[in-house]
Each structure stands twice: as C-alpha cells, then as structure tokens.
Amino acid sequence: MKDCARYLPLLGSRPGELEAAERAALEGHLAACAACQGRLADLAALQGMLGEALAREAARRDFTDFADQVMARVERRRAGALGAFFRRHRALAVGTALAPTLVAAALIVYLELRGAAAPGIEVVSEQYAPMVIETDQGPLILIGDGDDSEGT
Amino acid sequence: MVILPSKLNFPAARRVFPMDLDDQGLVTRARAGDAEAFRSLVVRYQRKVYAVALGIVRDPDLAWDVAQETFVRVHRHLGEFKGESAFSTWVFRIASHLAIDSVRRERTSAKDDLEEAGEAALAEGGEGILATALGTNPQESALRRELLDKIGEALDRLPEIHRTILVLREVEGLSYEELAERLDISKGTVMSRLFHARKKMQALLRRYAGLEARGEAGEGEP
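Heads up: the sequence lines are chains A and B, in that order.
So the first sequence is numbered by the working numbering: it starts at 1 and just counts up by one.
So the second sequence is numbered by the working numbering: it starts at 1 and just counts up by one.
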C-alpha cells in the first residue's frame, strides 16, 4: 500500500508523458499489485465517459438561435468598441465632427485672401456687373465679356 | 394574385458551406469579413464549446454565456490566429479560460466549505469494482448508460479545480505539460490533482451505481 501511494499519480498517463524510468517503475509495480491493476481497469472502463456525458447534456439544449445570438453580440461589441474609442478620444471625436466645417471655412478664407473665384467657376469678365435672369430651370447668370457689339 | 418573393415571410437565404470545407478555409474567409463563414465555424463548434464550458461551470445558463463569449473573442482575435495549432484547439483554449475565470468569479467560500466537507465521505476504496461491473464490453453496458446520466451529478459535487482538470484532460485531451501550462501548476501537481479528481469521481459513480466500496482506506488523500 505504501508503494501504491507513490505510483497512483502515474496511473492514467499517456504514452510519452512519463520519463522512461518512471514508466519502467510503474510497469514493475503494476505487475505485482492487484489493487493498482483494478484502479487502472477502472480508468480504462470510464475512458471517454465524461466527454460523452457532457455531449449528451449539450444535446438536450436547443441551439437554434445560438449562432444568431453570437452574431448579434459581435455586432453590439463592434459598435460599442467604436463608441468607446470616441469616448476615450473626445478631442478626436470633436475634430472629426467639425472637420468639414473647418475645411470649408479655411477654403473660403484662402480664396478671399487670394481674390480668386471658387473652383469650378470661370470668370470671363470683371468689367461689367453680371446680369441675372430668372428662368424655369433657375437663375441664369450672364457675364459680359466687354464686347458690346456681340452682346452677352 | 401574384405574390412577389420579397413579400414572403421567409428568413433571408444563407450560404451554407459544405461540411468538408476545412476550418482553415472558413477562417480565411471569416478573416476577410465573410460573416457566413464565421457563422459556419460557430455552428460547427457550438455544442462542443458549450459542453466544455458546462463541464467546468456546471450552470447551463452560465455555460451558454461563456460559449457565446468564446465565439465573440474568437471573432475579435481571428486575425491573431496563426494556424500553428488546430482551430478547434484554439477555440477550446479560449472557452476553458473563460469558463475557469467565470466560475472563479462565481465561487463562494460557503460552497468551498461544502465541497471540502464532502471529500472525507468520498475517501473510500473499491478499486476495480466499476471495471468489473461494466464488464468486458463497457460500451454496451446498461450500467454505463446509467452512469452517463449520473456523471453530471458527480461533476456538480466536485470542487472546481477537480472538475476543471478532468474536463481539460478528458474532453479537451490536454497532455500533462499542456495542463501544467494552462493551469499554471507543476507537472507533479497536475498528476496529483488528476488522481484525486478521478478518485472522487469514481467513488461517486460507485455510490450512484450501488457498488459499495469494500472499506479500503483512501491512500494518499490530502
């Protein structure tokens, strides 16, 4: 029995898990110990039963909605992470929100200082005031080119 | 009257990946943003992940939550999965970590006292009785079917450290070295803890099966 205490923790090991000397000593003990042979037989008889029992318990549960719930959790967590990021970086959030306004303001100031027109509009005459005609499709702006004979 | 397909109240059609498409193929697609590929991985492993969690936490609702959280973590860290181990190994590792963490949060000192009090009653002999009763073909034994229903009850009565090491060893199939690393204990402690866990489990199963011990003292019990 005293020897058994030494070998009990070695029972149930798999090939390669024990040192060669441990393995040899265990085999020597098993050859002479009926109690440890019984313990080893119990281990072998119960092999795989825990996994099978848990699989049976799992099989009793309805998994129909499991994957949907996981996907919803993933989405919630992703949205939450984005919100948390902006909460942690308030300056960045404010900057991001104001960015379009700031860019537009900077462009206006820049164009004012340069005295240039906004991009996309070609000014063909600066000598005459433009004439605005209201049409069905909206206002039509006519800009004179300085040549009275050809009109505008 | 013509009913347009869009008016029918059918769930949205889902792509179903063939079962023979290996995990790595699905992981690659999921990593590229394919939600259906990720869903297929969830469906493939949901029951086993739940079983591992249930074995450790012994609470169906908590196990359900742990299993779901496992897949959320898997999704979040999919880019870090290098494929050095099997995908399933990686998933079960995450599941068992979460299960151990959650059961340790839930654990109360009162419950531990109860578990320790129960240990003395379980320290009894009877080695070999189960093997004999299960016979030469344990797979077809009626006793085996009966015991399968009792293993859950036996797990409920084991301390968390013994449940955990049994599930990691018997269900996840971890080696002594992997157990030592996972549980942050020495290989010697792994072997000793496994022995005591098995001994208690066997004593409970003998009792459930009405196979009384022959009165041998449980040697080596701490």
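Hints in this document: simulated from the structure, not taken from any laboratory.
Mixed in with the good hints there might be a few duds.
[Claimed, not checked] Facing chain B, from chain A, some residues (calculated, C-beta under 10 Å):
#1 GLY16
#2 ALA20
#3 ASP42
#4 GLN47
#5 ARG56
#6 ARG90
#7 ALA91
#8 VAL94
#9 ALA97
#10 LEU98
#11 ALA99
#12 LEU102
#13 VAL103
#14 VAL109
Just so you know, even glycine gets a beta-carbon here, dropped at the ideal spot from N, CA and C.
Kindly indicate which numbered hints from before are broken by the structure, ordering the numbers from low to high. 2, 6, 7, 8, 9, 10, 11, 12, 13, 14
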